[in-house]
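Could you build the full structure based on these sequences and the hints that come with them?
Spelled out, the chains give:
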Amino acid sequence: MAAVLTRDIVKRFGEVAAVNGISLTVPNGEFMVLLGPSGCGKTTFLRIICGLEQQTSGDLMIGGDIVNDIPPRARGVAMMFQSYGLYPHFTVRHNIAFPLKTQGIPGAEINRKVEWAASLLGIGHLLDRRPRQLSGGERQRVALARALVREPTALLLDEPLSNLDAKLRTSARQEIKQFQQRVGVTTIYVTHDQVEAMGMGDRIAVIDRGQVRQVGTPSEIYDEPADRFVATFVGAPPMNIVARDGGYLGFRPENFLPKDMIKEPAFTEFKFRVDRSEYLGSERIVYGVLEGLDPKQIITAKLPPAHVADEWIRPGEWHPFAVRDSALRYFNNDGKRTSRH
Amino acid sequence: MVALAESVPKPHSRFQFIFDRRNVLGSIMVAPAILYVLLLVGVPFLMAVYYSLSAYTIYDPSWSFVGLSNFEDVVEDPVFLQTLYNTFIFTFGSQILGLILGKFGALVLLRPFPGRKFVRALVILPWAVPIALAAVAWQWMFDSLYSVINWTLIALGIVTRSNAPNWLGTPHLAMLSVIVVNAWRFFPFAVVIFLAGITAIPQDVLDAATVDGAGFWRRNYQIIMPMILPIVAVGLVFGIVFTFTDLSIVFLMTMGGPVGATSVLGFAGFQTGIVSGDVSHGAAISLFMLPVLLIVVVAMLRFIRRREI
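Protein chains in written order, with the numbering used here: chain A, 1 to 341; chain B, 1001 to 1309.
Bear in mind the hints are in silico, worked out from the structure with no lab data behind them. Misleading hints may appear alongside valid ones.
[Claimed, not checked] To give an idea of the interface, some chain A residues facing chain B are shown, with a C-beta separation under 7 Å as derived from the structure:
(1) Leu52
(2) Pro72
(3) Arg73
(4) Met79
(5) Phe81
(6) Gly85
(7) His89
(8) Thr91
(9) Pro99
(10) Thr102
(11) Trp116
(12) Phe179
C-beta: ideal position from N, C-alpha, C; glycine also.
This is the structure:
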């Protein structure tokens, strides 16, 4: 296990910079999530760390050594791929044993480690099957076992849950996280799913267009977004952003409430016209516009349905809404966070 | 309501949608192929079986039944045994050579390099050139006097003019020559098969192998080869069947010579049955291919089915 450190990594494909200067430090044992929209360069960055791509410039350090020119097999990192990349012609046992065999580890040792990894992930009974005889969740565990069996310096995961159905994804999220805590391996996890990122990451690095926009704990990312991109990318529905006083004002839909629900003394009031609402069981999402603003800009509010009766929300009606001042976020014209206008 | 009733379509005649029925349309579509096989393969095959059991020659078309005596004659003939042996050497020699060349050709063509598309198109050429034309070209290359191969070997100082090999005039070299020409002809097919197989392997699997520490050989022989084995095996079945029954290269280049060293079953059957007019013995020789190919094909198909992944 080792810390992973990158310094100004750039990767160009012709004219396009897929990764445009990423400097990131992942301390030993941390679960770091790289979160970004598709095509933002996060997977390319991961492939550079494991050595499948060579960076155009910048340094990569694993465990304190610069590994820029070291081939993947000598970096000691393990990677789990989006579609798992299991070897279809091998049994599960053989799949898990493969990274050990390439290292020339003696057979008895290989058997011992395969049994260890299989029991850790609860797939001991599947060892003699082939990948096509396994379910999606089982395949994912086999891939994880294969990645962990040689006790890698770092574990890289490239959207490992995207091939699972929604229900399985929730339990797999738990499993991977618990598992990582138990083994304590430095983990870099790539996803475009903010729920995965918020739920699993010790820290999250939000990436857009090949650059890190913010690194922080899930609550820092959510509550103190560094810029408008992070503010609107994280959170569902995203943060409302309205132009005001030569800058931008941001507030999360769950903080945008009917005025009489605000308990704090300091708040900012808005007149809100409801256009449409969605009842989602645990919450109600209300869409509308603010008085004095572009009527095409849709503002969302997330209300607890227990507090707001159905007949209260009628399309076309104006209501007094407010946001407590502590929940307001300010951004300048470049989209960067500022303290106030 | 009246308008609604009028808009209901009138019942159609029973046969109006006959082509929409899968079983009817399917039978019609497949019928030409079945007719073709029955008339142009099935009937001649049954005739060959009958000829091989009769004393039929073009001089004495008697059709008299003689049992298995034609086969007995053929098996007791040492020339035939030599021919059978030659056929195996020719088939498996050229297939193995073609597969090895095809594998490396595919590996080269998978890497990006300037002009790759042009080279890929060029590789198909041996397939596209009419075999008669190609055979003439190869004949000149293997010619005892004007061989460009010998000229190169002499220029490189490997052989001298006096002991330069007579490619088509020496038994072993003649066999080697026809094997090389057939492998050359099979090569594009092998390249296509390998290219198709390798490009169908998911990139994740190859990447996983790289990260798991597999080097070039391990990746090729423990991951790529086993994964493309089923498709290569299908290609090989085709190659074996076509080569085992082929007579064109031998006919055009060596006429089975020197002294029968390159005579193969197809050629011998043609010589005996058509050229010499001994139809019954020619049929018997040709029918020897059947059990051999049947065993090879069934074994390969079983192997493929077991390897399906």
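Evaluated hints:
This hint holds: A/Leu52 has a C-beta 5 Å from the nearest C-beta of chain B, less than the 7 Å allowed. About 5 Å separates the beta-carbon of A/Pro72 from the nearest beta-carbon of chain B, less than 7 Å, and the hint is met. Restraint check, A/Arg73 versus chain B: the minimum CB separation of about 4 Å is within 7 Å; hint holds. Contact between A/Met79 and chain B, as hinted, is supported at the beta carbon level, the nearest pair being about 5 Å apart and thus within 7 Å.
Among the interface hints, the one on A/Phe81 holds; its C-beta lies about 4 Å from the nearest C-beta in chain B, closer than the 7 Å criterion. A least Cβ separation of about 3 Å between A/Gly85 and chain B falls short of the 7 Å threshold, and the interface hint therefore holds. Given hint, A/His89 at the interface with chain B, holds; its Cβ is 5 Å from that chain's nearest Cβ, closer than 7 Å. Here the hint on A/Thr91 is broken, as its CB sits about 11 Å from the closest CB of chain B, past 7 Å.
Annotation: A/Pro99 was flagged as interfacial toward chain B, and the flag holds, the nearest CB pair being 4 Å apart, inside 7 Å. Because the closest C-beta pair between A/Thr102 and chain B is about 4 Å apart, less than 7 Å, the hint holds. Given the 7 Å rule on beta carbons, the hint for A/Trp116 is violated: about 17 Å separates it from the nearest Cβ of chain B. Interface hint status for A/Phe179: violated, as the beta-carbon distance to the closest one in chain B is roughly 19 Å, over 7 Å.
Checked against the numbered hints given earlier, this structure breaks hints 8, 11, 12; the rest are met.
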